[in-house]
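Enquirer: For reference, the chains in residue letters:
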Amino acid sequence: MSIKTEQFYLNVGPQHPSTHGVFRLRLSLDGEVVTDVEPIIGYLHRGIEKLAESRTYTQIIPLTDRLDYLASMTDNVAYCMAVEKLAGIKIPERAEYIRVIFSELMRISSHMMAVGFYLNDCGAFFTPVLYMWREREKIIDLFDMVCGQRLLYNYMRVGGVSQDIPDEFLPAIKKFVAEMPRYIGEYNQLIKQNEIFLARSKGVGILPKETAVNIGASGPVLRASGVKWDIRKMDPYSIYDRFDFEVPTGDAGDCYDRYWVRIQEMTQSLRIIEQAISQMPAKGPVGSDVPQFFRPPPGETYGYIEAPKGNLGFYIVSDGSIAPYRLHIYPPTLINITALKDMMIGWKVADLIIIFGSMDVVLGEIDR
Amino acid sequence: MEIIRPEVSTPQEADLAEGNLINSFLETCTSQYPDPDKWLDEEIRRNVLLTTVDAAVAWARQRSIFPLIFGTACCAFEMIAASGPRFDLSRFGMDIIRFSPRQADVMLITGTITWKMATAARMIYDQMPEPKWVIAIGACAISGGTFRESYSVVPGVNHIMPVDVYVPGCPPRPEAMIHGINRLHAKIVKGTIDNPNLALK
Amino acid sequence: MTVAVNTEETGKKIEEAIPGSVVSNDKGSLTVDSKALAQVSEFLKNTPGMEFDYLTVLTAVDYLGYFEVIYRLVSLRNNQSLILKTRAYGRENPAVPSVTGTWRAAYYQEREIFDLLGIKFEGHPDLRRLLLWEGFTGHPLRRDYL
Chain A
1 MSIKTEQFYL NVGPQHPSTH GVFRLRLSLD GEVVTDVEPI IGYLHRGIEK
51 LAESRTYTQI IPLTDRLDYL ASMTDNVAYC MAVEKLAGIK IPERAEYIRV
101 IFSELMRISS HMMAVGFYLN DCGAFFTPVL YMWREREKII DLFDMVCGQR
151 LLYNYMRVGG VSQDIPDEFL PAIKKFVAEM PRYIGEYNQL IKQNEIFLAR
201 SKGVGILPKE TAVNIGASGP VLRASGVKWD IRKMDPYSIY DRFDFEVPTG
251 DAGDCYDRYW VRIQEMTQSL RIIEQAISQM PAKGPVGSDV PQFFRPPPGE
301 TYGYIEAPKG NLGFYIVSDG SIAPYRLHIY PPTLINITAL KDMMIGWKVA
351 DLIIIFGSMD VVLGEIDR
Chain B
1 MEIIRPEVST PQEADLAEGN LINSFLETCT SQYPDPDKWL DEEIRRNVLL
51 TTVDAAVAWA RQRSIFPLIF GTACCAFEMI AASGPRFDLS RFGMDIIRFS
101 PRQADVMLIT GTITWKMATA ARMIYDQMPE PKWVIAIGAC AISGGTFRES
151 YSVVPGVNHI MPVDVYVPGC PPRPEAMIHG INRLHAKIVK GTIDNPNLAL
201 K
Chain C
1 MTVAVNTEET GKKIEEAIPG SVVSNDKGSL TVDSKALAQV SEFLKNTPGM
51 EFDYLTVLTA VDYLGYFEVI YRLVSLRNNQ SLILKTRAYG RENPAVPSVT
101 GTWRAAYYQE REIFDLLGIK FEGHPDLRRL LLWEGFTGHP LRRDYL
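Listed in order, the protein sequences are those of chains A, B and C. Quick note, the first sequence lines up with residues 1 to 368 if you use our numbering. Quick note, the second sequence lines up with residues 1 to 201 if you use our numbering. Quick note, the third sequence lines up with residues 1 to 146 if you use our numbering.
In isolation and in its complexed conformation, chain A is listed as follows:
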């Protein structure tokens, strides 16, 4: 006797433990197999682009913090670089090195969060998150020492950084860099050979190379599909051409490759931080001498960096007044989500959560 089934719609609603924020998916299911996926976003749309049209250039910096709130130093850096490109300002040497050190620390912290919550979705409930949280607290202590805040720093300014690093920072970061490789080895050792983890992530959610380029993916998602495109190497900004590091790529483009690319990027970031600490000038100006009501010349520009989640960019149009005429933010994770339809159709509901977790989204950046 055959049972009659029919297609039905299931709502993975905005408030859900594994959607990493307020994200909604409308699924059409046939039994347990997914036949269609529609992501619905906009539950955190705060209108940052419209608010930016009525604030001065320095007042926009705290707004950019709240975009990708797990990596807010890199958001600040991208915005400040775009404004400096527009106005043609050059920043002091010591400030460049400080920016690089904080961007790479932020990359390690953000990847730890991504990997921890991905393992949470795979079934290792919260233990990997707490292991990685232990190291993240050390990174947050370093930031607290410098700018007094734990999560949303507001530290970069147009033309430099807001204040110099204190004396006890350098010994602390040297100690952190010396002991971190042992912890990354510990995470790997605990999870890499686990049968359940391998069965759930190898071969699941494959994103082929041509699709990844056609949809405009960037960041670890693009590199795990086999395309060696990292803006720090291909189009170096700031002083990244002085450092020696590698760009890890994967072959298959499945969830396991995305996890492995992130782990290897953490090791490469530690290499960059070591080189930056040894090359940094011992004394020098770090601040900017940009006035409070800063008027850049009229024109437009696009400034972009390699943020932990991908290729983050700011498009600024200025008409010579104290506030920008138009500010547009290019979010890498919104573009990565275009691939969800390709990757999820044909799989079961339990695999959806894993595939979504491996894309590493932050809703503050998607919705702006």
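The hints are simulated quantities; they were obtained by calculation from the structure and are not laboratory data. Nothing here was measured: the structure is a model prediction, and the numbers come from that model. Each residue gets a CB set at the ideal place from its N, CA and C atoms; glycine is no exception. Heads up, a few of these hints could be off.
The list that follows gives simulated cross-link-like pairs (lysine to any residue, SDA-like), each with its CA atoms no further than 20 Å apart [as the list claims (entries may be wrong)]:
1. A/Lys341 with C/Arg104
2. C/Lys85 with A/Glu300
3. A/Lys341 with C/Asp126
4. A/Lys209 with C/Thr102
5. A/Lys138 with B/Pro85
6. C/Lys120 with C/Ala36
7. A/Lys341 with C/Arg111
8. A/Lys138 with B/Phe87
9. A/Lys209 with C/Glu51
10. A/Lys174 with A/Arg271
11. A/Lys233 with C/Asn79
12. C/Lys27 with A/Thr301
13. A/Lys228 with A/Asn214
14. A/Lys228 with C/Asn78
15. C/Lys27 with A/Gly299
16. C/Lys45 with A/Thr211
17. C/Lys85 with A/Lys174
18. A/Lys228 with C/Asp126
19. A/Lys85 with C/Ser81
20. C/Lys13 with C/Gly49
21. A/Lys209 with C/Ser75
22. C/Lys85 with A/Glu210
23. A/Lys85 with C/Ser29
24. A/Lys228 with C/Val3
25. A/Lys138 with B/Arg61
26. C/Lys85 with A/Pro298
27. C/Lys85 with A/Tyr325
28. A/Lys85 with A/Gly299
29. A/Lys228 with C/Glu51
30. A/Lys85 with A/Pro298
31. B/Lys187 with B/Pro85
32. C/Lys45 with A/Glu210
33. A/Lys348 with A/Lys138
34. A/Lys209 with C/Lys45
35. A/Lys85 with C/Thr2
36. C/Lys45 with C/Asn78
Label-pair distances were calculated between CB atoms; the ranges are [what the hints assert, rightly or not]:
37. C/Asn79 with A/Gln59: 30 to 38 Å
38. B/Thr10 with A/Asp244: 55 to 63 Å
39. C/Glu134 with B/Val53: 49 to 57 Å
40. A/Gln275 with C/Val3: 22 to 30 Å
With chain A fixed as given, assemble chains B and C onto it according to the hints.
Expert: Relative to the frame of chain A, chains B and C by itself:
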């Protein structure tokens, strides 16, 4: 046997219905719910002698609250840090942080609430069983925060539901959140004394 | 180093292949006519020597006389970049052809521009509001909203 089929709507109709509901919220939720502040910091000892049942119920209620994190934005990560190993939240009995409203006592609203999300927030508040409390954490939940002039942000979550404790900050440090939870404990005890029928609910 | 291509030479090549399409070029960008946009995008993607297969930014600006839609294209193989612009006139129903058939990266970005600025993209498979809800009146990012 008759199978009762519910009305199934297509996705387009569901979207339109959601939009109409949000527009109706925009029109009706223009004023704030009044803050229940009769419980300001009084000496609880000066009150009348508690019966043993009231004291026991008050003690049990404050020491084992089940929270529901309605985490939308950045403050949610400071709340997770508060439940981490350094600022341990489970020493106050709030270890079970689950996302289901049916088992929860207190709703922690962390992060910006937009008008699109407001209907979901109110629905979840209505699904919680009595007695229930709400803590608004962070500047965005208290008054809209940095985004107050925006066209799509609710200027404070007390336009949608009554709030008991406000924890300011952007984001507040985990120690501040724990302080807010301690104030909620005091309020629960006082609430049980003022209103003995609450013990029987 | 991702080098921006020389817009004059590129403009000449496009003009030879599709006459009447290039409107102007200044140092940083190339403006084309909106009616020829579909052909120009196919040409830029498939011609050897110019394979622009990666679309990064798609955004639009409201100058009060017209809307300007901006595309930034990158060629991964040759490590080059190009900024392409086109214009849409009229406040009531501005319209531009969609490039979703050529680069699927445009899918969500065109929906967002329709939502916030009101520009219609002809040929888009599913043009609806993305960030705001159904029933929201107006387009917030226009200069005359509020």
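Enquirer: Where does the structure disagree with the numbered hints, that is, which hint numbers, in rising order?
Expert: Of the numbered hints given earlier, those the structure breaks are 17, 18, 22, 25, 31, 33, listed in rising order.
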